[in-house]
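Peer 1: Note that the protein sequences, when read in sequence, are chains A and B. Per the numbering used here, the very first residue in the first sequence carries number 1; after that it's consecutive. Per the numbering used here, the very first residue in the second sequence carries number 1; after that it's consecutive.
Just so you know, the hints here were simulated from the structure itself, not pulled from any lab data. Be a bit skeptical, because a hint or two may be false.
Said to hold, decoys possible - Taking lysine-lysine and the DSSO-like style, the derived pairs with C-alpha atoms no more than 27 Å apart in a straight line are:
no.	chain 1	residue 1	chain 2	residue 2
1	B	Lys24	A	Lys252
2	B	Lys258	B	Lys402
3	A	Lys251	A	Lys225
4	B	Lys320	B	Lys29
5	B	Lys136	A	Lys251
6	B	Lys232	B	Lys258
Listed here are the chains, written in short residue letters.
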Amino acid sequence: MPELSYREAVRDALTQAMRRDDDVFVMGEDIAEMGGSMGVTQGMLAEFGPERIRNTPISEIALAGAAVGAAMQGMRPVAEIMYEDFLTIATEQIVNQAAKHRYMSGGQLTVPVVFRTQGGAGWSPGAQHAQQLESWFVHIPGLKVVFASTPEDVRGLLWSSIYDDNPVVFFEHRTLYGLKEEVPEEIEPIPLGRARVHREGEDVTVIATGRLVHEALAAAAEAEKEGVSVEVVDPRTLQPLDENALVSSVKKTNRCVVAHEAVVRGGFGAEVAAVIQYQAFDWLDAPIERVGARFCPMPFAPVMEEWVVPHANDVLEAVYRTVGRGN
Amino acid sequence: MATEIKLPRLGQGMESGTIVKWLKSEGDKVEKGEPLYELDTDKVTQEVEADASGVLLRIAVAEGEVPVGRTIAVIGEQGEEVAEEAKAEDRPEEEGSPGPAREAERERGRAASTNGSQTESAPAERSLDTGAARLKASPLARRIARERGIDLASISGTGPEGRVVAEDVERAAAAPASAAAPAPAAAGEVEARPLTSIRRTIARRLTQAWTIPVFQLTISVDMTRTNELVTKLRAANPDVRITVSDVLAKLSAAALMKHRDVNVQYTEEAILVFPSANIGIAVAAPQGLVVPVISACERRTIPEIAIARVDVVERARAAKLQAADMEGGTFTISNLGMYGVEQFIAVLNPPQAAILAVGTTEDRIVAVDGAPAVRPMLTLTLTCDHRAVDGATGAEFLATLKASLEEPGLAL
Chain A
1 MPELSYREAV RDALTQAMRR DDDVFVMGED IAEMGGSMGV TQGMLAEFGP
51 ERIRNTPISE IALAGAAVGA AMQGMRPVAE IMYEDFLTIA TEQIVNQAAK
101 HRYMSGGQLT VPVVFRTQGG AGWSPGAQHA QQLESWFVHI PGLKVVFAST
151 PEDVRGLLWS SIYDDNPVVF FEHRTLYGLK EEVPEEIEPI PLGRARVHRE
201 GEDVTVIATG RLVHEALAAA AEAEKEGVSV EVVDPRTLQP LDENALVSSV
251 KKTNRCVVAH EAVVRGGFGA EVAAVIQYQA FDWLDAPIER VGARFCPMPF
301 APVMEEWVVP HANDVLEAVY RTVGRGN
Chain B
1 MATEIKLPRL GQGMESGTIV KWLKSEGDKV EKGEPLYELD TDKVTQEVEA
51 DASGVLLRIA VAEGEVPVGR TIAVIGEQGE EVAEEAKAED RPEEEGSPGP
101 AREAERERGR AASTNGSQTE SAPAERSLDT GAARLKASPL ARRIARERGI
151 DLASISGTGP EGRVVAEDVE RAAAAPASAA APAPAAAGEV EARPLTSIRR
201 TIARRLTQAW TIPVFQLTIS VDMTRTNELV TKLRAANPDV RITVSDVLAK
251 LSAAALMKHR DVNVQYTEEA ILVFPSANIG IAVAAPQGLV VPVISACERR
301 TIPEIAIARV DVVERARAAK LQAADMEGGT FTISNLGMYG VEQFIAVLNP
351 PQAAILAVGT TEDRIVAVDG APAVRPMLTL TLTCDHRAVD GATGAEFLAT
401 LKASLEEPGL AL
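With the sequences and hints as input, model every part of the structure.
Peer 2: As C-alpha cells, this is what we get:
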C-alpha cells in the first residue's frame with residue numbers, strides 16, 4: 001500500500017479524476033505554476049495544461065461564479081478557495097447560486113461543483129487566515145459539507161464530492177497536509193454521510209472533526225491510562241450527517257463530548273449536541289460537553305493562538321467532566 | 001428555606017451507615033460545619049458536620065442503619081413547618097408530566113429488554129418540590145430508576161453537583177434492602193450483640209484474606225542499636241513521643257523501597273507495584289480493629305512518622321478517623337509487643353501483599369561471637385500473599401529489615 005500525505009492524497013484524487021474524466025477541471029488562485037499556496041496542485045499543470053489547471057484572478061466571487069456556471073453547463077469543476085476565510089467573498093455564489101439552482105429549476109439543473117478550501121490555526125496565520133467556518137455552510141440547504149481528517153478519508157471523500165451532483169464545500173485543515181498514512185492502491189470512494197469510528201470505547205464518545213480527531217485520539221490514549229475508555233467518531237461529512245452512527249455510539253457510552261477547532265458558540269458541535277440530546281436523551285448520563293476555540297478573533301501571537309484553540313488536554317478535561325472526574 | 005440533611009456517601013462503596021447518636025437535639029441552633037451526629041460506617045465511626053446553618057427542626061432517623069441519600073434530618077428557620085417534608089420521599093406519587101402518547105412513543109424507542117413491565121407509578125422525584133433543592137439526576141439515571149421502580153430520592157448522587165448518575169442507580173438496585181438489626185436473643189445468658197458495621201467489615205475482609213494463599217517468615221532481631229537510636233531521637237525531639245514502632249515504620253519503608261516486589265498488590269490482570277510505602281498501622285480501637293495509613297513513610301523522618309502516628313492512633317481510639325485516613329495502604333505493621341506477645345502470625349490485610357507481625361522486645365540469651373550474651377531481641381513474622389510475593393523475595397526483604405534494625409545506618 002502506498003503511503004501518501006494528506007496533501008498528496010488530495011492531489012491524487014484530483015489527478016485520477018481528471019485522468020478519467022474530461023469534465024473535471026481545477027481552478028483557483030495561483031494553483032497552476034505555483035501549485036497552490038499549500039502546494040496541493042503542484043505538478044498538475046505539466047500533466048493537464050492551463051485549460052484544465054486554470055489560474056484565476058484574485059477574486060473569489062468571480063472564480064466561484066465561473067465554477068458554478070461551468071457546473072450548470074455539465075462540467076465537474078473543483079474550485080480552490082485559498083483560505084476558507086475568503087469563502088466570505090465567494091459566499092454569494094455558493095449560498096445564493098450554487099445551493100439554489102437545482103431546487104429553483106425544479107431539477108432541470110444540477111450544480112456538481114466542489115469548493116475545496118483549507119484553514120485552521122496552529123502556524124500563526126493570524127485572525128484573517130485561520131478561521132474554521134464549516135458550520136456556516138452546514139446551515140444552507142442545498143449544500144453538502146465535508147471535513148476530512150486523514151489522507152485516506154480526504155482522498156475517498158474528495159472523489160465522492162467530485163462525482164456528487166450537488167455543490168460540496170470541502171474543508172481541509174492546514175496542519176494536516178503533512179500527515180502521512182498508508183492508503184489503498186486504488187481510490188476507494190467514501191460515501192458522503194457516513195461517519196468513521198476511529199477508536200472504540202465504552203465510557204465516553206468524542207465526536208470530533210478535522211484536526212480535533214487527532215487531538216481526541218491523543219486524549220483517548222491518555223484517558224485509557226486512567227481507566228476511562230473513549231470512543232472517537234469522526235462524522236467526516238457534516239451535511240448530510242450520519243446521525244445514526246453518532247446516536248448509536250452515544251447510546252452505548254451514555255456520555256458525549258463534541259470537539260472541533262471552530263469557536264464553540266454556534267459551532268458545528270452545537271448541532272451535533274442537539275441531535276444527540278434529542279435522539280439519545282434517555283441514554284445520557286452527563287451533560288454533553290463542547291470543546292472548541294475560545295470566542296475571540298484568532299490571535300497572531302503563537303502563545304495566544306495556542307491558548308485560544310483546543311488541544312488534546314481540553315478534550316481530556318471534557319471527557320473527565322462527563323465521567324464525574326473533572327473539577 | 002429548610003434543608004434536608006441526607007446520609008452522605010463518605011467513601012467509595014459505602015451503601016449505608018448507622019446513626020449512633022445525635023449531637024444536637026430538635027430545636028437546637030446549628031452552625032454549618034458543626035458536628036451534628038455520629039455515624040458508624042463499615043470503615044469508621046465519625047462525627048458528621050452539618051451542611052447548613054439554622055435550627056435543627058426535625059430528626060427523621062434517631063438511630064440505626066440508613067441507606068446513603070436518605071433524609072435523616074431537616075435544618076431550617078425557627079418555626080418552619082416541616083413534618084410533611086421529612087416524610088415526603090417515602091410517598092410514591094403518580095408521575096404526571098409525560099402525556100400518554102408521548103410516553104408510548106418513547107417506550108417504543110427503548111430497549112426491548114425491559115420486558116414490557118412498566119410501572120407507571122414510578123416513585124417520582126417531583127415529590128421533593130417542598131423546600132428542598134431540586135433533585136438532580138441524569139436522563140439515563142431517571143430512565144433506569146423509572147424502569148426498575150427505584151425511588152430516585154433515596155439515592156445519593158455522586159456525579160457533578162451531586163447529580164444522580166446511572167452508576168448510582170445501578171448500585172442502589174444491586175444493594176440489598178437495608179437489613180434490620182437482628183433481634184437480641186432472649187435465650188439463657190447468651191448475649192447477642194448486634195454486629196456493628198465495622199465488625200461486619202472486619203469479618204468480611206478477614207474471611208476474604210483467609211482465601212488467599214499465604215506463607216510466613218520469621219526472623220529474630222537484636223534491637224540494641226535501634227533502642228539506642230530511639231533513646232537519642234527522644235532526647236533530640238523532646239516534644240514527640242517516638243517509639244520503636246516509628247523506627248519500624250521508617251525502616252520497613254526503606255526496605256520496601258529496596259524490595260519493591262513486596263510493596264505490591266495482586267490483581268487478576270497484573271501485579272500493581274506501588275511507588276511509595278504507605279504503611280498501615282493496626283490499631284485496637286474500642287469499636288474494633290482499624291488500620292490508619294501513614295503515607296510515603298520513605299520520605300518522612302522518624303519524628304514526622306511519630307507525629308503522624310500519634311495523630312491517627314489518637315483519632316482511631318477516639319473513633320474520629322475519616323475514611324480517607326484508611327485508604328491507600330501498601331503494607332501493614334501489626335504490633336502486639338506491648339502485651340508481651342513473643343511472636344504471632346498476622347492475617348493479611350487485602351489487597352496488600354504483606355503484613356508484618358511485631359512481637360515484644362525482651363532480653364534473651366543469644367550466642368554472640370561464640371559466647372552466650374544477653375541481648376534485647378525482637379521476633380518479626382512476615383505474612384505474604386504468595387500469588388504476588390515468592391518466599392525468597394519476602395526473605396530478602398526481611399533480611400534487609402533485620403540488618404537495618406541491627407544497624408539503622410544501613411537504611412541510609
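Peer 1: The structure should be examined with respect to each hint, and the outcome stated for every one.
Peer 2: Against the structure, the hints:
1. With a C-alpha separation of about 47 Å, the suggested pairing of Lys24 of chain B with Lys252 of chain A is violated against the 27 Å cut-off.
2. Simply put, Lys258 of chain B and Lys402 of chain B have alpha-carbon atoms about 13 Å apart, close enough for the 27 Å limit, and the pair holds.
3. Restraint check for Lys251 of chain A and Lys225 of chain A: the C-alpha separation of about 23 Å stays at or below 27 Å, so the hint holds.
4. Distance restraint check for Lys320 of chain B and Lys29 of chain B: the Cα-Cα separation of roughly 23 Å lies within the 27 Å cut-off, and the hinted pair is therefore satisfied.
5. Note on Lys136 of chain B and Lys251 of chain A: the hinted pairing holds, with a Cα-Cα distance of about 20 Å set against a maximum of 27 Å.
6. Taken as a hint, the Lys232 of chain B and Lys258 of chain B pair is honoured in the structure, with Cα atoms around 26 Å apart against an allowance of 27 Å.
Hint violations for this structure: number 1 only, all remaining hints satisfied.
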